[in-house]
Structure formats: structure tokens, C-alpha cells
Amino acid sequence: MDGPPGLIDWIPNLLRGLGNTMLVTVLATILMVVLAVILGLMARSRRMPVRGVARVVIEFFRGTSLPIQLLWFYFALPMVGFQLNAIFAGVLAFGLNYGAYGAEVVRGAINAVPRPQWEAATALNLSSWQRMTRVVWPQAIPLMIPAMNNLFIQLFKSTPLLFAITIIDVMQMGEAFRFAGGNSTAMYLLLMVVYFVIAYAVTFLMNLAEAAAKKRLGQHEGVRSMFRTRKPVPQEVTP
Amino acid sequence: MNWSWSFAVEILPDLLEHFLKYTLVATVLGTAVAAVLGLVFAMIRFVRIPVLAQATTAFIEFVRSTPLLIQLFFLFYALPGMGLTLSPMFVGVLGLGVHYACYMADVYRSGIDAVPKGQWEASVALQLPPRTTWQRVVLPQAVRNVLPALGNYAIAMFKETPFLAFITVPELLHTARDIGGDTFRYLEPFTMAGLVFLAASYPTALLLRRLEGRLAAY
Chain A
320 MDGPPGLIDW IPNLLRGLGN TMLVTVLATI LMVVLAVILG LMARSRRMPV
370 RGVARVVIEF FRGTSLPIQL LWFYFALPMV GFQLNAIFAG VLAFGLNYGA
420 YGAEVVRGAI NAVPRPQWEA ATALNLSSWQ RMTRVVWPQA IPLMIPAMNN
470 LFIQLFKSTP LLFAITIIDV MQMGEAFRFA GGNSTAMYLL LMVVYFVIAY
520 AVTFLMNLAE AAAKKRLGQH EGVRSMFRTR KPVPQEVTP
Chain B
2 MNWSWSFAVE ILPDLLEHFL KYTLVATVLG TAVAAVLGLV FAMIRFVRIP
52 VLAQATTAFI EFVRSTPLLI QLFFLFYALP GMGLTLSPMF VGVLGLGVHY
102 ACYMADVYRS GIDAVPKGQW EASVALQLPP RTTWQRVVLP QAVRNVLPAL
152 GNYAIAMFKE TPFLAFITVP ELLHTARDIG GDTFRYLEPF TMAGLVFLAA
202 SYPTALLLRR LEGRLAAY
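Line by line, the protein sequences give chains A and B. Under our numbering, residue 558 is the last one in the first sequence; the count climbs by one each step, no gaps. Under our numbering, residue 219 is the last one in the second sequence; the count climbs by one each step, no gaps.
It should be emphasised that the hints constitute simulated quantities derived from the structure, not laboratory data. We put the beta carbon where it would ideally sit given N, CA and C, even for glycine. Worth double-checking, as some hints may not be accurate.
Simulated coverage check for chain A against chain B, where a stretch passes if three residues somewhere in it have a Cβ under 8 Å from a Cβ of chain B [claimed, not checked]:
id, segment
1, 388–394
2, 476–489
3, 515–526
Taking the hints into account, I'd like the entire structure generated from these sequences.
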């Protein structure tokens, strides 16, 4: 190699790293949503043991910091005989951590569906399955989309941590550029712009999803709502 | 290899020492920076100082949509190239503080918006100077409204302090990793580190929930 690498020469490397970043992001987001729904429903179960298990899992994964969980899955778990593939460890850590936060979002949104809606469904003799799928969920989904979007973005913003468990993600490629003597200021700014653009694209898609979900309820939103930016809400206190 | 209680107990004092000296200190200082800077951002936007207000909004959006880790690396590895070398702990506090200030700015804004209009009008009627209006009338009410939300961000920041391990701050996670590297046992250090976090953050979150209930009762 002659001289330090230029930013343009490094773009193929960055794209390769971004592939891994996005792979983990997408898989972890899927796991997160699945866990959020399961734990969220469990947390409002009438049976004490079910609710108890959900609460313990939720509080445990919210309370023990994400970077520690990630390193634990990759470095500590092999010590008791489970060697996880790095990608899998990343998906598991991000999915479990944000799934625990998402469970509170799901629980809060379902609880926010007005009581008379439940009673009306019962009065109409709908089964409990029909009540959930035809009455409660269609109204709860638009309520949970903004908070879920915040979590999606937070999950995505945590992915540079993957470089710490040997995954060749976009951050690792940025680091390689610095070690090769490239201009680190330009590289970090570029990485931030990449994250910024993707985060905004996700927000735009979630605004579309929210409008579509509201349309089903007969609430029409203007075109302006598509370009709304996020309104972050602290996730800690349960609604 | 199995879990060894004696090893876990043996490393605990070392972990706790670094937890107190770096993790907690970074959280407290970072929260202080974020609380002050967030208020400054919110006031710049509220009084609509031309150009500066738009620049602040853009800055807030950008910082909130980019990863904390890259921001920390930028401050730690890129700034020295521009002739500004900062200590790891200073970078950590600055990075956490600025990142969370961008979240807190919005919280303050909603708190200021929630102060009834009559309070502003009364201040005008009493001919209070702007400084007194803010200090004695608006901010005391605004800050009380948003105290629980600010507390939530402080806990969130606390749980992100392990990011500082990657810019060589010897906080809890860094210490656990060092112990693991020295002894080839990662199970106990990382598990204990996670439990220390749980033991500190869960009671704080409970306290905060009670505080929120109390403030809401007024």
C-alpha cells in the first residue's frame, strides 16, 4: 500500500461492513418485536406466575447494561460451554435488551385502548381471540409505533458496539481506516452521516406505517406527518 | 469451567472500586453537564435567537440520530489530530453530557411550555425583568414538571457508561475485561459487572417512580 488510504478508496470496505451492521440490526429488530409482544402480553396476564416471570425478565434485561450483556454473551457464555457465533451473540444481546424495553411499550399501548372498547367487544359476543385481533390490537398498534420507532433507532445506534465482539461491521472498517493512517476526522464524520441518513429513513418508514395503521381506524393524517421527526420519550418509567 | 464463588467474591472489591471511581463519577458529572447544557439549548430555542436557534435544532437532531460510540471516538481519536488532546475521562463526561443534553433539551422545552400563560402575564404585570421571570417564576415550575423525565435520562446515561471502556476509561466494564484477560476467566467478571449495574439501576428506577407519583400528586 502506498501512503495512507483515501476516503473514496475505502467505500467498498465500508459497504461490506455496513452489510454486517444491517444484518444484525434487521435480525435483532425482528427478535426484539417478537419478544416485546410476548413479554408485553405476559406482563399484563392475570396469572401471577406468568406476570412475575415477565417482570423479572424485563427488569433484568433493562437493568444490566447493554454493552455488558453483549460482551457476556460473546466472552462469558463460552466458559460454560456455549460458544456463540458473533453475529448470533449480537442479535441475541440487542434483541433481548430492546425487547425488554419494547415489552413496556406494548403493555402500555394495550392498556391505553379505552375500557369501553373491551366491554363493547364482550357485549358483541366476540371471543377473546377476536377481541384482541379485531378490536384491541388495531387500536393499540398506532399507539405503539412512535415509541417503537425510538427503540428501533436506539437499537440501530448501538450497533457500533459490534466491533467489540470481532464482527467486521461498519465501525470496525472505520477503525481499520484509522489504523491504516487515514484521516480519522473525515471517517468518523462520514460514519455519523451514514447513521444519520439511515435513522431518518427508518423514521420516515415508521411514519408511513403509523399513517397506514391510523387509516384503518378512519383517522387520516396529512402528508406533513410523513416528515415528522422523532419525539423521544424516556423509556425507563413504565406508563 | 464452572462458576466459582470464591473468584467472584475475590474480584468484587476491585470491580466496586472502579465502579465508584469512574462509572459513578462519570454518571454524576455527565448528568450535570447534560442538565445545564440541555437547559441552555432549550432556552436558545425558546427565545428564538435567530440563526443560533436553527443551528441548535440541527445540532440536536444530528447528535440524537448518531451513535454515542462514534461521537466518543470522534472526540477521543479525531480531535487530537486537530491539536486538541483531552483525557479519556474528560472525553467521556463531555460525550455523555452533550449526547444527553440533546435529549434533555426537548424535556425542558415541554416543561417550559407547560408553565401556564398566566404566569408569564403576571410577570409582565409585575414588571419583573426577564432574568427574574425566568429564575423565580418559570424555571422553578418547569424544572419540577420535568424532574422525573430528567431522572430517567440520568439512569439511561448510567447504563451507557460502559461505552467509555472503549475509549480506555478504566470503569466497570473495562476492569472486568482486564480481569478476564489476565485470568482467562470471563464468566465471573462480566456476570458480576452486570449484577452491579442491576443492583444500582433497579432501586434507582423504583425511587424515581415514587418521586414521579409524588410530584404528580401536587
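Do the hints match the structure? See the list:
Residues of the segment 388–394 of chain A lying with their CB closer than 8 Å to a CB of chain B number 4, which satisfies the three-residue condition for coverage. Given as covered by chain B, the segment 476–489 of chain A passes the check, having 6 residues with a CB less than 8 Å from a CB of that chain where 3 are the minimum. For a cut-off of 8 Å, the count of residues in the segment 515–526 of chain A with a CB near a CB of chain B stands at 3, and the three-residue condition holds.
Consistency with the previously given hints is maintained throughout, with no hint failing.
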